[in-house]
Structure formats: structure tokens, C-alpha cells
Amino acid sequence: MIRVLIADDHKIVRDGLKRILAATTDIECAGEAPGGDEALALVKANDYDVAVVDMSMPGLSGIDLVKRLRAEKPRLRLLVLSMHGEHQYAARALKAGASGYLTKDSASEQLLGAIRKVAAGGVHISEAAAASIVSQQKASHEALSDREFEVMRLLVEGLSPTEIGARLHLSVKTVSTHKTRILEKLSLGSTAELVRYAMEHKLL
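The sequence shown begins at 1070 in our numbering and counts up by one.
Hints may be right or wrong, so weigh each one.
[What the hints assert, rightly or not] Below, simulated SDA-like cross-link-like pairs (lysine to any residue); rule was C-alpha separation at most 20 Å, straight line:
no., residue 1, residue 2
1, 1136, 1267
2, 1142, 1130
3, 1136, 1164
4, 1248, 1192
5, 1186, 1116
6, 1173, 1261
7, 1136, 1161
8, 1142, 1164
9, 1186, 1113
10, 1080, 1095
11, 1186, 1072
12, 1254, 1160
13, 1186, 1242
14, 1242, 1217
15, 1136, 1151
16, 1254, 1218
17, 1080, 1103
18, 1142, 1174
19, 1164, 1267
20, 1164, 1269
21, 1248, 1219
22, 1080, 1173
23, 1271, 1216
24, 1248, 1227
25, 1164, 1219
26, 1136, 1101
27, 1142, 1072
28, 1080, 1227
29, 1164, 1223
30, 1080, 1070
31, 1142, 1071
32, 1080, 1094
33, 1186, 1143
34, 1248, 1228
35, 1087, 1111
36, 1254, 1268
37, 1164, 1177
38, 1136, 1191
39, 1113, 1071
For the record, the hints were derived by calculation from the structure and aren't laboratory data.
Just so you know, these numbers come straight off a predicted model, no measurement behind them.
Start from the sequences and build out the full structure, keeping to the hints where you can.
Okay, here's the thing in C-alpha cells:
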């Protein structure tokens, strides 16, 4: 049984989602919260498999709520429910730790499939939003200068700034500056994320 927490500040939305879940035999609403603070408290006190979280609620909400819930229960799968179009917030939600993004106008048709998919370890996002995210990321690495791209390639291969400096005849400080700019341009937070990005875009 997939235990689901529903967090939305509109009771009519929570009731509607609960009715959808009640029609299944493998998913149950194990908790509900009218706001982000209440959702965080419930997650601290209970174990859920999936949290369906509205992006806009009183108190703690949006990307901050996603990050807090992930920090509290790293194994909790988060499905963001939003009235905003996917192309606006999906990439940010996924980067913050969400496992899926669902717009409210498509929730009635896609909710159950999305919950089952993220509970099983997958990611739920529409094809259109996925294409938009990939194109944004592609544009990001194409914006790197030739030197930045070369430094990125060597970083991904596992070379240290000192080794890269020796290979490219650059100072370690210059290599570090290039690394900082690369991470900023790609909106990444670490070398590990850079390696994952390079693998996803077949840049290795």
C-alpha cells in the first residue's frame, strides 16, 4: 500500500484528491495538511511513501518546502502539484528534490499514475516539460566558452584543479575561476552534479 500525504490549503482540492485515491486498492491517503508548516510537522512524526504538495500555501511553501521535506525524510518521494505551468517551475522543483510535477488541471487524469511512478522510484513530468528542461540545459552548456568547456571536460574526467592547470598551462586560481563560472552557467552546485549533467547530455 502506498501511503500518501496530501498538502494543499484548499479543502475542496484535498477532498477531491482523496476521492481519487479512495477509488484505488493500492494507494491510501494517510494524512493531510492545510499548509507547509503542518505538512512538515506530519512528515517529522510519520512515515509516508509519497507527499503530494501544493506549490503555493500559507507559511512554508514552494521550493523551500520541497527542500525542507527532503532534508527531513530523504527517502520520501515528493510530487509537486501546482496551478503554474510546468515550464515555469518544473525544473526548479526537480532540482530542489521533487520526484514529479503535476499541474492541477491535469491532476484528475494523471494523479494515480504519477503517484505510482514516483513511489516506484521514477520521475513524473510531461513530455513537453521534459523537452523544455533539456533544451534549457542544452543551451546552458552551449553557452560555455571553449576554454570553459575544456575545463569542464577535464573536471568530469576526475582531474583536480592543479592537474588541469598543468595540462592547460593555467594557474590553479584561473582553473578555479573557470570552474565557478561553469557551475554558475549550468545552475549546478557541485562537481558531482556536473558529472551527472555531463552523463545525461552525453558530453563525456
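Status of each hint after checking the structure:
Annotation: proposed proximity of residue 1136 to residue 1267 is violated, straight-line Cα distance about 24 Å (limit 20 Å). Distance restraint check for residue 1142 and residue 1130: the Cα-Cα separation of roughly 16 Å lies within the 20 Å cut-off, and the hinted pair is therefore satisfied. For the hint pairing residue 1136 with residue 1164, the CA-to-CA distance comes to about 9 Å; that is within 20 Å, so the pair holds. Restraint check for residue 1248 and residue 1192: the C-alpha separation of about 29 Å exceeds 20 Å, so the hint is violated.
Taken as a hint, the residue 1186 and residue 1116 pair is honoured in the structure, with Cα atoms around 18 Å apart against an allowance of 20 Å. Distance hint between residue 1173 and residue 1261 is unfulfilled; the C-alpha atoms sit about 34 Å from each other, more than 20 Å. With a CA separation close to 11 Å, the supplied pair residue 1136 and residue 1161 stays within the 20 Å bound. Straight-line distance between C-alpha atoms of residue 1142 and residue 1164 comes to about 16 Å, which keeps the hinted pair within the 20 Å bound.
Under the criterion of a C-alpha separation no larger than 20 Å, the hint pairing residue 1186 with residue 1113 is inconsistent with the structure, at around 24 Å. With a C-alpha separation of about 23 Å, the suggested pairing of residue 1080 with residue 1095 is violated against the 20 Å cut-off. With a CA separation close to 14 Å, the supplied pair residue 1186 and residue 1072 stays within the 20 Å bound. Of the pairs offered as hints, the one joining residue 1254 and residue 1160 holds, with about 15 Å between alpha carbons and a cut-off of 20 Å not exceeded.
Of the supplied pair hints, the one linking residue 1186 and residue 1242 is violated, its CA atoms being roughly 45 Å apart against a limit of 20 Å. With a C-alpha separation of about 14 Å, the suggested pairing of residue 1242 with residue 1217 holds against the 20 Å cut-off. Between residue 1136 and residue 1151 the CA atoms are separated by roughly 16 Å; this keeps the pair inside 20 Å, and the hint holds. Taking the CA atoms of residue 1254 and residue 1218, the gap is about 11 Å. The hint holds against a cut of 20 Å.
For the hint pairing residue 1080 with residue 1103, the CA-to-CA distance comes to about 7 Å; that is within 20 Å, so the pair holds. Simply put, residue 1142 and residue 1174 have alpha-carbon atoms about 28 Å apart, too far for the 20 Å limit, and the pair is violated. A C-alpha spacing of about 16 Å is found between residue 1164 and residue 1267, which places the hinted pair at or below 20 Å, so the restraint holds. Between residue 1164 and residue 1269, the direct Cα distance comes to roughly 14 Å. Compliance with the 20 Å bound is thereby established for this hinted pair.
Distance check on the hinted pair: residue 1248 and residue 1219 sit about 11 Å apart at the alpha-carbon level, within 20 Å; holds. The hinted pair formed by residue 1080 and residue 1173 meets the criterion: a straight-line CA distance of about 14 Å does not exceed 20 Å. Between residue 1271 and residue 1216, the direct Cα distance comes to roughly 19 Å. Compliance with the 20 Å bound is thereby established for this hinted pair. Simply put, residue 1248 and residue 1227 have alpha-carbon atoms about 13 Å apart, close enough for the 20 Å limit, and the pair holds.
Of the pairs offered as hints, the one joining residue 1164 and residue 1219 is violated, with about 25 Å between alpha carbons and a cut-off of 20 Å exceeded. Of the supplied pair hints, the one linking residue 1136 and residue 1101 holds, its CA atoms being roughly 19 Å apart against a limit of 20 Å. For the proposed pair residue 1142 and residue 1072, the alpha carbon gap of about 14 Å is at most 20 Å, so the pair holds. A distance of roughly 51 Å separates the Cα atoms of residue 1080 and residue 1227; the hinted pair therefore is violated under the 20 Å criterion.
About 24 Å separates the Cα atoms of residue 1164 and residue 1223, which puts this hinted pair outside 20 Å; it is violated. Distance restraint check for residue 1080 and residue 1070: the Cα-Cα separation of roughly 24 Å exceeds the 20 Å cut-off, and the hinted pair is therefore not satisfied. About 16 Å separates the Cα atoms of residue 1142 and residue 1071, which keeps this hinted pair within 20 Å; it holds. Straight-line distance between C-alpha atoms of residue 1080 and residue 1094 comes to about 23 Å, which puts the hinted pair past the 20 Å bound.
Restraint check for residue 1186 and residue 1143: satisfied, since their Cα atoms lie roughly 17 Å apart, inside the 20 Å limit. Taking the CA atoms of residue 1248 and residue 1228, the gap is about 12 Å. The hint holds against a cut of 20 Å. For the hint pairing residue 1087 with residue 1111, the CA-to-CA distance comes to about 17 Å; that is within 20 Å, so the pair holds. Taken as a hint, the residue 1254 and residue 1268 pair is honoured in the structure, with Cα atoms around 17 Å apart against an allowance of 20 Å.
A C-alpha spacing of about 25 Å is found between residue 1164 and residue 1177, which places the hinted pair above 20 Å, so the restraint is violated. The straight-line distance between the Cα atoms of residue 1136 and residue 1191 is roughly 18 Å, inside the 20 Å bound, and the hint therefore holds. For the given pair, residue 1113 sits about 18 Å from residue 1071 by alpha-carbon distance, which is consistent with the 20 Å threshold.
Going down the numbered hints, you'll see the structure goes against 1, 4, 6, 9, 10, 13, 18, 25, 28, 29, 30, 32 and 37, while the others check out.
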